[in-house]
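Peer 1: Residues per chain are reported as follows:
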Amino acid sequence: MAIKEMTYREAVRQAMVDEMERDPNVFLMGEDIGRYQGTFRVTQGLFNQFKQVRVLDTPITEPGIVGLATGAAMVGLRPIVEMMTMSFSILALDQIINHSAKVHYMTAGQACVPLVIRGPGGAANQLSAQHSHSMEGWYAHVPGLKVVAPAFPADAYGMLKTAVRDDNPVIFTEHPTLYGVKGEVPVDMDYLVPFGKANIVRQGSDISLIAYSKMVHVCLEAAEKLAGEGIQAEVVDVRSLLPLDVETIYASVRRTHRAVVVYEDWRSGGFGAEIAARIGEDCFDDLDAPVGRVGGLNVPMPYARVLELQCIPNADDVIAAVRKAGL
Amino acid sequence: MAQPAELTIEESPAVLEELYRQMLFIRHFEEKCNQVYRMGKAGGYLHVYIGMEATAVGWLSMLRKDDYVITAYRDHAQALLMGDDPVAVMAEIMGRRGGTSRGKGGSMHLYDIKNNFFGGWGIVGGHIPLGAGLAFGSKYKGEDRVTLNFLGDGASNAGVFYETLNMAGLWDLPCIFLIENNEFAMGTRLEYHAANVELHRKGYPFGIRHERMDGMDVLAVRKAARRIIDYVRTEQRPYLVEVMNYRFAGHGAADNDQSLYRTPDEVEAAKARDPIRLLERVILDQGVLTQEQIEAIHAEIEDQVQDIYEKADAMPFPDPEEVYDNVYTDMEVEKGH
Ligand SMILES: Cc1ncc(C[n+]2csc(CCOP(=O)(O)OP(=O)(O)O)c2C)c(N)n1
Ligand SMILES: [Mg+2]
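Residue numbers (the working numbering), protein chains in the order written: chain B, 1 to 327; chain U, 1001 to 1337.
In isolation and in its complexed conformation, chain B is listed as follows (with noise of 0.2 Å):
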């Protein structure tokens, strides 16, 4: 194993690499993905290693492709569907819900769908109101899926790796902002980060901060605020939204008494509150303070930086929730 300092969008496509290496079945299909060497580069360099079929510049036609990989899966190929934008995935969502998440079901596990379908997720910088959806609490909501979000690029690596390799439907989100994101990658064939595992990445003994993706960093940087003033967040990176690891969350919050989960999502029924609820489930006798929520504003994305800004949860917001839950 060696240890690399990559971006998180080279973790991304190293784990391609590995996976396509690794297993002749794997194959890229996506718009601009080849020869353009995709919008966000992550595919950067794929098209010239791999070659035509293996890296499929595809029109742009998002509910047949996602169809079509899905018909590949189910007679054993691996395919990764990159969405342009995971904003574009909405066109395909009766592929991926209606049809690639009920295959296994209705066929009563004669078939199953290998398949991932990875796409940077969420705003990025003034994209507006049809470009900027964190998609991944939508399907979180659907049996038959898997939905995962790293924030880092170890864990991005690690778990499209693990994703690859899963037989089920698989939703990755990268949030388009951490693309540039560095950290130490352990690159290795089989480092695999598993699904459905959560990870504390910064200990603290006075609130839980519970979010994933960039969110997870807005929580470090407030958790960063606050240490400053003496209180102690730890920050849970909840990593894999489907199946979700609520052991260690419980734990953090068992150990902390308080929780503010932050979601980039809208606010009013995204998936922070699916984890609000269960904490308030489960941990009802441990908790000194009710479970708090930060999450988007609830409105399409605006243009204009100023008010764009507004609607993305950062450090303060999450310091106010902080402060509402007594601290």
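Hints should not be assumed to be uniformly reliable.
Derived BS3-like pairs (lysine-lysine); straight-line CA-CA distance at most 30 Å [said to hold, decoys possible]:
| # | chain 1 | residue 1 | chain 2 | residue 2 |
| --- | --- | --- | --- | --- |
| 1 | B | 182 | U | 1041 |
| 2 | B | 324 | U | 1271 |
| 3 | U | 1271 | U | 1032 |
These are computed hints drawn from the structure, not numbers from a lab.
We have chain B; now place chain U with the ligands onto it with these hints.
Peer 2: For chain U with the ligands alone, kept in the frame of chain B given last:
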């Protein structure tokens, strides 16, 4: 491919000059937009119309004031030509409160409903059925409006396009599907994204009249547009046109490696068909304007665009409270994080 320019010129000198000014205005406006983007005063995705001016100018010059227009995200030209205040358009692109959508839409989402311009849409293919719906609406109400529904070559692969063509054919909707074939869908060339590169043929299975035509010679564009608009208006039936133009600029302002999908030679060759230069030649040949007058017009329009930019740049950004406006017609959203 492109047909040669017609020899007989029907346009009066005044009309020729006006067409020239419109194309030039779009060219300069778009160049300013790219500059504004590079200065960091516009963000997100921004797609300019440079090289494609004759298509929108030619077609929109043939529409009636009450006809409907809808397009995707490459929408500055249509917004300006439909009568949107250019300062408000620039302000929108710069995310200012004085913008057409008060800074909430940006470059991709320009609208001017009072002037029958319906946007301004970011999801490839998504607006195509909306356009058919506009046509359905006017037909339902017994009006004789025409809807001009712009889409890209890349968008013509979207399933929803075929669904819409079927409905338009089935219900005889007065809608012109105008595929702007600029040869690229972002970084993917036509031949890598379309099984049949004669995109106009997509009308055939739905019994929709269809043809391919030039989109660079604004006079040829107008001739074809007049004929087709007349047909759609009087017959109240759909039409599909594939307009051959070319995008000189990158896909968007952030497309910084065009060598991945085309060569500089190819762009140079296409520039021989530059719609502005084509019309300029006619204007000089016909003695409509002299070289000096043309240069004066360039300078005048450049100043005008600079003035538009400065006015837009003087406008404030939206107020924080405005973030909650217009989610519903009749209720407030829950506030806060
Ligand atoms: C459903 C969907 N998929 C992908 C994209 C990203 N995207 C934006 S523009 C574009 C290319 C569209 O090309 P074309 O329709 O030819 O229009 P042009 O940009 O040439 O005007 C792509 C892939 C999108 N906006 N929507
Ligand atoms: Mg195109």
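Peer 1: Under the constraints set out in the numbered hints, which ones does this structure not fulfil?
Peer 2: 2
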